[in-house]
Every structure is written in structure tokens, then in C-alpha cells.
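Q: Residue numbers (the numbering used here): 1 to 109.
Hints are computed from structural coordinates only; laboratory data are not their basis.
Take the hints with a grain of salt, since some may be wrong.
[To be verified] When the alpha-carbon atoms are kept at most 25 Å apart in a straight line, the in silico DMTMM-like pairs for lysine to aspartate or glutamate are as follows: (1) K7 / D82; (2) K7 / D37; (3) K7 / D43; (4) K7 / D45.
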Amino acid sequence: MKNYVQKGENITVTAAAAASSGDGVLMGSLFGIAAGDAAIGEDLDLVTVGVFSMPKVSTDVMTVGAPVYWDDSAGLVTTDDDTGSNAEIGLAVTAAANPSGTVNVRLHG
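Just need the whole structure built from these sequences, with the hints factored in.
A: This is how it looks when you write it as C-alpha cells:
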């Protein structure tokens, strides 16, 4: 295919904010997990597919298969789409109770 560029599992972007390895990063509608550290303006590799243990709103109860959203201001996954303000990033693949600090999420990619 003449127009093929890459698989798309890892995307290199220019960091709009400082990021540390393992951070969730939302750029427009693109969400991924930082594969390394980057300062503003540096190249940042985002992993866009896979299952990741992610920090969550401690009071949210999540069931396996439930959609999860990214609260960019808090840097947490949540069950609340905030009337469309929080981007849907994937599905919970483990249950998470209230209170708990993490949930395993399969990214939509």
C-alpha cells in the first residue's frame, strides 16, 4: 500500500505539557499512555492500545466492561462523562470498588 504509514499502536507527538512515563495524555481526541518522560515541546511517544493500570476517582464503582472516561483536569479515569466533556478512552477490564485508587483499562486505541 502506497499510503501506509504505521500500525498506530505507538504515536509520536510533540508534548503540549510535561509528561512522565505512565501518565495519561489527552491531545484533542487522541489518548495514550506516555512511554517515557518529555518536557513541553519535546517528542513524546504515546501507547494507544493495550491494558493499563490507571488511577481512578476513588469513589467511582466500575464493573468489567464499563466504559471509562478521562478527566484531564484531575488526571484520573472516571465513570462520569461530564456531559461529554470527558473523553471516553476505553473499558474497565477489572472491577473497582468504592474506595479504590486504580482500575485496569483496555484503551480503545
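Q: Each hint: holds or not?
A: Here's how the hints hold up against the structure:
This hinted pair does not check out: K7 and D82 have alpha carbons roughly 32 Å apart, beyond 25 Å. Pair hint K7 plus D37 holds up; C-alpha atoms about 22 Å apart against a cutoff of 25 Å. At most 25 Å may separate the alpha-carbon atoms for a hinted pair to count; K7 and D43 meet this at roughly 18 Å. For the hint linking K7 to D45, the alpha-carbon distance of about 14 Å falls within 25 Å, and the restraint holds.
Figure legend: structure checked against the earlier numbered hints; the only hint not met is number 1.
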